[in-house]
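Q: Residue-level listing of the chains:
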Amino acid sequence: MSTSPFAIPMDITRENFLKFRDFFYARTGIHFDEKKRYFVDKRLSERIKVTGASSFNNYFAMLRLDEGSELQVLVNLMTTNETYFFREEYQFKSLVNAILPEVVKKKKKGDLIRIWSIPSSSGEEPYSLAIYLLERWAEVDDYNIELLASDIDTRVLKLAEKGIYQKRSLQYLPPELVEKYFTQLNATDFQIAQTIRDSVAFTRVNVTDAAQTRSYRDFDIIFCRNLLIYFDDMSRREAADTFYDALVPGGFICLGHSESMSRISPLFTARKFPDSIVYQKPTSS
Amino acid sequence: MAFIKKASLPQVANDGPENSLAEDLSKLSDENADTRRHAVHDLAAFPEAVQPLCDRLALEQDVAVRTTILTALIKIGVPQAVECLIPYLGSENVALRNDVIVALQQMQQLALPLVEKLLENPDTDIRIFAINILAGIHDLHVPALLMHVIEHDSHINVWSAAIEAIAEIGTPEMVPAIQASLQRFDTVYARFAVQFAVQRING
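Respectively, the protein sequence lines represent chains Y and B. Mapping to my numbering: the first sequence position 221 is 204, numbers consecutive. Mapping to my numbering: the second sequence position 85 is 88, numbers consecutive.
Same shape as in the complex, but just chain B:
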């Protein structure tokens, strides 16, 4: 029965000299994905690495490195990180776009001012992504932003995305305004969406 052994951990120096910012930046384009990933880990300590990390995102094919870049940007947590991620909402790469949406959600209030501006974007897809992001941001301001979309946005798909989001975070006093917005999009689908949202809000 002595076949199960205590595991051992290799000795790894934790206090060894760290790479410099320049060294880590140069490794962002290394051929080896693990090297790139470890460089990204280290760069999470440098706010000045935001732009190079964002730029690398456009080229990076390795999912693990891409995920680590987004984690580093969230960790650095400066408005510039939000600003440089927003253009990726227009990417044709669906996986990258979805990962960016999640990252912006996880940036929480830091992302709010710039994401709020996207609600005025002429591209309906971008407005929908902005609503998806807002739905994940825990801020008292978010329900009012979504209600504004429900009352004013002229595109049914954007309106519908906002109805879906408000179904999750809305409160009973919003119900009359949600029902009133049906006057602008009175289709079978719109009626169903409102009915679902109202049921969900009222429990």
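Isolated chain Y (complex conformation):
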């Protein structure tokens, strides 16, 4: 996340913060409590300065009339995208040792397996999935696998498509996998192999917007880790609805280690596998 050199203007009052917060929530489903006020005010100040709006009220008026480009800039600034390769690897273990064996029971060789990674951030998770499947799932050659990765932040999607990472992002990857799948560009940057970049499609989507997610269907597995913690109850319910529609009956959703679908929605059944707890869409109601 970038840091701002700009001071917070005095005119971002608490009332202004609340006004902006409600607007931003209505448009994106992302909720900021008052503890995040400094974080929000700082980024708003940056945009007020850069756009030349000169005051919160001018900027907010512009934002409400804007067709989306300024809002997208704000979304990119307000979302956090800290991640790395093989983060929470135990879930990838669960994927190849427990989830996929169940998924393929209902398929025949050559069938399609669809996996959705959201939020994709700058690509670490979907590319990790691709590498993990290639390296650790013995049946990978027997099926056609499709990987879709989505995020609300267009800035990180561009980064994901380039696939260039710093060493810190690769620190949990075994060296032989770094050697095999990355090209060192300079002292700090590594680019992931073209074949892996070609294996993931990236899209921009707001998961709480039913109109935007209408075409996201027939996934066998969804990875949605550390996103719902940023949402309020209503947005979580809407996201759960989206995932329910997006999954095939019997499909699985993997959440972050601190997240629980059971506290969000009764739509899914918790399944305890040796390496993790995941949530499954019932095969019938």
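Simulated crosslink set (DSS-like; lysine-lysine; CA at most 30 Å straight-line):
| hint | chain 1 | residue 1 | chain 2 | residue 2 |
| --- | --- | --- | --- | --- |
| 1 | Y | LYS76 | Y | LYS91 |
| 2 | Y | LYS19 | Y | LYS141 |
| 3 | Y | LYS163 | Y | LYS150 |
| 4 | B | LYS78 | Y | LYS18 |
| 5 | Y | LYS2 | B | LYS78 |
| 6 | B | LYS78 | Y | LYS19 |
| 7 | Y | LYS90 | Y | LYS76 |
| 8 | B | LYS120 | B | LYS78 |
| 9 | Y | LYS91 | Y | LYS255 |
These are computed hints drawn from the structure, not numbers from a lab.
Start from chain Y and add chain B according to the hints.
A: Using the frame of chain Y, we list chain B on its own:
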């Protein structure tokens, strides 16, 4: 190694004509659960759909449709949605009742005035459910309501539910009143409940 392919998304028209309110309402009783669910999705845009959605809740057997109805009612967010959900707290269907409790919690301040009134309900179960709902509503008024229950409700199970809730959201200045309420229910369980709550509040 070319077995992993980029996923593709089917082209779906997002801007096609929406169903009318009447069309969606008629689909609430469709045989197909997916059709009912999609109708409910659309009805979340209509405050006038509150009553039909609430009525459907009594008949709906499909968990996914039921969940979507509750999500739609929360989204519509009008007092009538709270009002029409409250009778379901008396339902014999435990899953429905629990889902309604969660939905009323998620309605937050909107639910507060009507849920507060339930604290006077003659049915002890309803008073307990009201406390369960209040425990999930983030409002400065809630601790005072729970303290009132602790000091005045005559049923030990209601008192106990309030003690449990206050253990989660109480503050140290409430401790003397919590301890004093033991005079009304001095049982082994009540002493344990108060001890647990006080420890929890004092950290």
